[in-house]
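Asks: Top to bottom, those sequences are chains A and B. Taking our numbering, the leading residue of the first sequence gets 1, the next gets one more, and so forth. Taking our numbering, the leading residue of the second sequence gets 1, the next gets one more, and so forth.
Where hints are given, some of them may not hold.
The list makes no distinction among identical chains, and a pair is therefore deemed to hold if it is satisfied within one copy or across any two copies.
[Claimed, not checked] When the alpha-carbon atoms are kept at most 30 Å apart in a straight line, the in silico DSS-like pairs for lysine-lysine are as follows:
| no. | residue 1 | residue 2 |
| --- | --- | --- |
| 1 | K307 | K181 |
| 2 | K281 | K183 |
| 3 | K307 | K3 |
| 4 | K3 | K183 |
| 5 | K206 | K183 |
| 6 | K281 | K11 |
| 7 | K224 | K276 |
| 8 | K3 | K181 |
| 9 | K11 | K111 |
| 10 | K225 | K3 |
| 11 | K183 | K307 |
| 12 | K11 | K25 |
| 13 | K281 | K225 |
| 14 | K206 | K307 |
| 15 | K206 | K25 |
| 16 | K276 | K225 |
| 17 | K225 | K307 |
Hints were generated in silico from the structure; no laboratory data involved.
2 protein chains.
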Amino acid sequence: MIKSIEWRNNKIRFLDQTRLPLEEKYVETDDPEVVAEAIRRLSIRGAPLIGIAAAYGIALAAHALISTPYSHSRSALQKVIQLFSSTRPTAVNLFWALNRQRRILESSSDKSSELLAIALLAEAMRIHEEDAAMCDRIGELGSSLMPSGAVILTHCNTGSLATGGRGTAQSIISTLWEQAKLKHVYIDETRPLFQGARLTAWELGKLGIPSTLVADNTAAFLMKKAMIHAVITGADRIALNGDVANKVGTYNLAVLASYHSLPLYVAAPTSTVDFKLEDGKNFPIEERNAREMLEVNGTRIAPPGTKVYSPAFDVTPGSLVSAIITERGILRSPYERAFDELRRDPIDVSSETA
Amino acid sequence: MIKSIEWRNNKIRFLDQTRLPLEEKYVETDDPEVVAEAIRRLSIRGAPLIGIAAAYGIALAAHALISTPYSHSRSALQKVIQLFSSTRPTAVNLFWALNRQRRILESSSDKSSELLAIALLAEAMRIHEEDAAMCDRIGELGSSLMPSGAVILTHCNTGSLATGGRGTAQSIISTLWEQAKLKHVYIDETRPLFQGARLTAWELGKLGIPSTLVADNTAAFLMKKAMIHAVITGADRIALNGDVANKVGTYNLAVLASYHSLPLYVAAPTSTVDFKLEDGKNFPIEERNAREMLEVNGTRIAPPGTKVYSPAFDVTPGSLVSAIITERGILRSPYERAFDELRRDPIDVSSETA
Numbered sequence: 001m002i003k004s005i006e007w008r009n010n011k012i013r014f015l016d017q018t019r020l021p022l023e024e025k026y027v028e029t030d031d032p033e034v035v036a037e038a039i040r041r042l043s044i045r046g047a048p049l050i051g052i053a054a055a056y057g058i059a060l061a062a063h064a065l066i067s068t069p070y071s072h073s074r075s076a077l078q079k080v081i082q083l084f085s086s087t088r089p090t091a092v093n094l095f096w097a098l099n100r101q102r103r104i105l106e107s108s109s110d111k112s113s114e115l116l117a118i119a120l121l122a123e124a125m126r127i128h129e130e131d132a133a134m135c136d137r138i139g140e141l142g143s144s145l146m147p148s149g150a151v152i153l154t155h156c157n158t159g160s161l162a163t164g165g166r167g168t169a170q171s172i173i174s175t176l177w178e179q180a181k182l183k184h185v186y187i188d189e190t191r192p193l194f195q196g197a198r199l200t201a202w203e204l205g206k207l208g209i210p211s212t213l214v215a216d217n218t219a220a221f222l223m224k225k226a227m228i229h230a231v232i233t234g235a236d237r238i239a240l241n242g243d244v245a246n247k248v249g250t251y252n253l254a255v256l257a258s259y260h261s262l263p264l265y266v267a268a269p270t271s272t273v274d275f276k277l278e279d280g281k282n283f284p285i286e287e288r289n290a291r292e293m294l295e296v297n298g299t300r301i302a303p304p305g306t307k308v309y310s311p312a313f314d315v316t317p318g319s320l321v322s323a324i325i326t327e328r329g330i331l332r333s334p335y336e337r338a339f340d341e342l343r344r345d346p347i348d349v350s351s352e353t354a
Numbered sequence: 001m002i003k004s005i006e007w008r009n010n011k012i013r014f015l016d017q018t019r020l021p022l023e024e025k026y027v028e029t030d031d032p033e034v035v036a037e038a039i040r041r042l043s044i045r046g047a048p049l050i051g052i053a054a055a056y057g058i059a060l061a062a063h064a065l066i067s068t069p070y071s072h073s074r075s076a077l078q079k080v081i082q083l084f085s086s087t088r089p090t091a092v093n094l095f096w097a098l099n100r101q102r103r104i105l106e107s108s109s110d111k112s113s114e115l116l117a118i119a120l121l122a123e124a125m126r127i128h129e130e131d132a133a134m135c136d137r138i139g140e141l142g143s144s145l146m147p148s149g150a151v152i153l154t155h156c157n158t159g160s161l162a163t164g165g166r167g168t169a170q171s172i173i174s175t176l177w178e179q180a181k182l183k184h185v186y187i188d189e190t191r192p193l194f195q196g197a198r199l200t201a202w203e204l205g206k207l208g209i210p211s212t213l214v215a216d217n218t219a220a221f222l223m224k225k226a227m228i229h230a231v232i233t234g235a236d237r238i239a240l241n242g243d244v245a246n247k248v249g250t251y252n253l254a255v256l257a258s259y260h261s262l263p264l265y266v267a268a269p270t271s272t273v274d275f276k277l278e279d280g281k282n283f284p285i286e287e288r289n290a291r292e293m294l295e296v297n298g299t300r301i302a303p304p305g306t307k308v309y310s311p312a313f314d315v316t317p318g319s320l321v322s323a324i325i326t327e328r329g330i331l332r333s334p335y336e337r338a339f340d341e342l343r344r345d346p347i348d349v350s351s352e353t354a
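The following block holds chain A by itself, in its conformation from the complex (with noise of 0.2 Å):
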């Protein structure tokens, strides 16, 4: 498996994903500022991946506090989560992991930066091994609910590269093939980033699982064509109602898949579910940067002077979700009960949210 982000001598190591496909590069740092610069720019992405990313730079950032008084070390570290906030609006898991490590943080008693740095990184580390347990818990399910023969359409990137372990949407993927259960994979390219192109091309290629690309466009057409059984897709925020924030684009398909009768599945972790939310409303929604519209690998495309609007996620309604796949179980609509009987589990998530 593709080890995306690692702890490695006491840096961090990660996969620069703006470069795939054309070069595997690997960067090396001790610095959290490039950490948070790598997820800014997208070198380091997926919901699941970026909370990950977080809670190790934290680790990196106690790390070289180690030899300073301990108060002073607490008052920089506070900082440092500051900075990590404000890398990507909308994916909630980042605000989860940085609350996990915020709390680590607040409860220490010892007074010793070195003991806070430790517990620090062995928290990165469990955040990270709970996600990779995640995934396959999600891979299990979510394959139960497909036919045999399933042929899947997936938009952006689930997989490695976005997650600590073997994805979310992917990781049904690659369970259905283990499975023997599935026949193919189509895969939207997902403008403006290509991540469909880019990465999941790259990484079912790895996997050797079947899968054609598709230009977003043709999505209509497939589903029209009786061409695929269903839609799987990942999640960035999830509101109580089941509403969804995804990369832009899921709104579409979900539309799509409703009125072709097709089920559209969101493969998520509970990190995901904003338990303050009520709905999708007030969910933030990143801009991006319109280079990314009017240029492709420094190619100009649009004119000079072409004005881009280019809103990185869409929300989809619950009531277009067929289920929401968790490594807890499947949640069906009405979300809101769904959630609340989350809530009131033994393991109590609701007071690990933003």
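Given chain A, put chain B in place with the hints provided.
Replies: Here is chain B on its own, set in the frame of chain A:
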């Protein structure tokens, strides 16, 4: 207005649209094969313009045969018509224009290669002029359907680059602008060939019409946020029940518009109607080259070995088309009846199709 094609000194001069917007390069040729190849590789594109170019291509071939015996000219020109028939399968205007030239060829009674060449050139010019007049009429009729302060979403390119005049869907946009009824245009970039980003953004820029480029994935987002009033597209072929073949992604837009209770209008001359087909089931759908998805301007996007499925067109059922705006009136469902009335009209169009 941009002259995307012209007859000049017994040559055809056309704008190589594959170079736009980086370069405004005109090609002058007296070789019909160069024109056919330009259609094949989309240097000349847009259903109406393809018809005009093919008609001029026949005139060009006839001109080169002026000094050859009449019987030889006739059979040679039949072959040139065959050559042009094979360039693009979906746009019916191509076959319509070629049929008009075939009728000139078959009805010529003077037994003179020179007079035949003149008649074929005159017919090509008539097709060109008629197209320009059609564009104006479509603009007038279509603009009457739009609200004041209209914000329009359009797909692909339907302007001077696609027709012999000011366009089809884009003629409506230009007319609205002149009437001070247009507020803004959103342009779908239109993967895989970026006709929106490359061509429509360029044309609207030249016309001073305010526009914003969006990824094709953004359509549903714009509709949900009530940022647009209507979608207007062109067409490559229309069946008698109103089924429309147009640039892939049009069907997506039609489903999305219907879901958001927004109108989707198709603007096309009646030469786009295939009076032989009851519905769109048997429309020939051209597949584009995989390279257009794998590379942009020679820069690789997807990894080696990536498979691609790239239909150039999709079919929108007539039931999702709010109206078809032709030069002969605004047609509405039931389209069978509307087309039947057209057929019975003094100007008989039924005999003019492939």
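Asks: Please go over all the hints and tell whether each is borne out by the structure.
Replies: Hint check results:
Taking identical chains as interchangeable, the C-alpha atoms of K307 and K181 lie at most 30 Å apart only when they sit on different chains, with a minimum of 21 Å there against 45 Å within one chain. Taking CA atoms no more than 30 Å apart as the test, K281 paired with K183 passes between copies only; the shortest distance there is 26 Å, against 37 Å inside one copy. Within a single copy, K307 and K3 get their C-alpha atoms only as close as 38 Å, which misses the 30 Å cut-off; across copies the closest is 25 Å, which meets it. In the homo-oligomer, the alpha carbons of K3 and K183 lie at most 30 Å apart inside one protomer (26 Å), although the nearest pairing across protomers, at 49 Å, exceeds that limit.
Within a single copy, K206 and K183 get their C-alpha atoms as close as 17 Å, which meets the 30 Å cut-off; across copies the closest is 48 Å, which misses it. In the homo-oligomer, the alpha carbons of K281 and K11 never lie at most 30 Å apart, since the shortest distance is 39 Å inside one protomer and 59 Å across protomers. Taking the shortest Cα distances, K224 and K276 sit within 30 Å of each other only across copies (23 Å), while inside one copy they are farther apart (38 Å). Proximity of K3 to K181 under the C-alpha cut-off of 30 Å is restricted to the intra-copy arrangement: shortest distance 26 Å within a copy versus 55 Å between copies.
In the homo-oligomer, the alpha carbons of K11 and K111 lie at most 30 Å apart inside one protomer (24 Å), although the nearest pairing across protomers, at 87 Å, exceeds that limit. In this assembly of identical chains, the alpha carbons of K225 and K3 never lie at most 30 Å apart, being 37 Å within a copy and 39 Å across copies at closest. Taking the closest pair of Cα atoms, K183 and K307 come within 30 Å of each other only across two copies (15 Å); inside a single copy the shortest separation is 41 Å, beyond that limit. In the homo-oligomer, the alpha carbons of K11 and K25 lie at most 30 Å apart inside one protomer (16 Å), although the nearest pairing across protomers, at 53 Å, exceeds that limit.
Within a single copy, K281 and K225 get their C-alpha atoms only as close as 34 Å, which misses the 30 Å cut-off; across copies the closest is 11 Å, which meets it. Taking the closest pair of Cα atoms, K206 and K307 come within 30 Å of each other only across two copies (14 Å); inside a single copy the shortest separation is 38 Å, beyond that limit. For the homomeric pair K206 and K25, the shortest alpha-carbon distance inside one copy (16 Å) is at most 30 Å, but the shortest distance between copies (42 Å) is not. Taking the closest pair of Cα atoms, K276 and K225 come within 30 Å of each other only across two copies (23 Å); inside a single copy the shortest separation is 41 Å, beyond that limit.
Only between protomers do K225 and K307 lie at most 30 Å apart by alpha-carbon distance; the minimum there is 19 Å, versus 35 Å within a single protomer.
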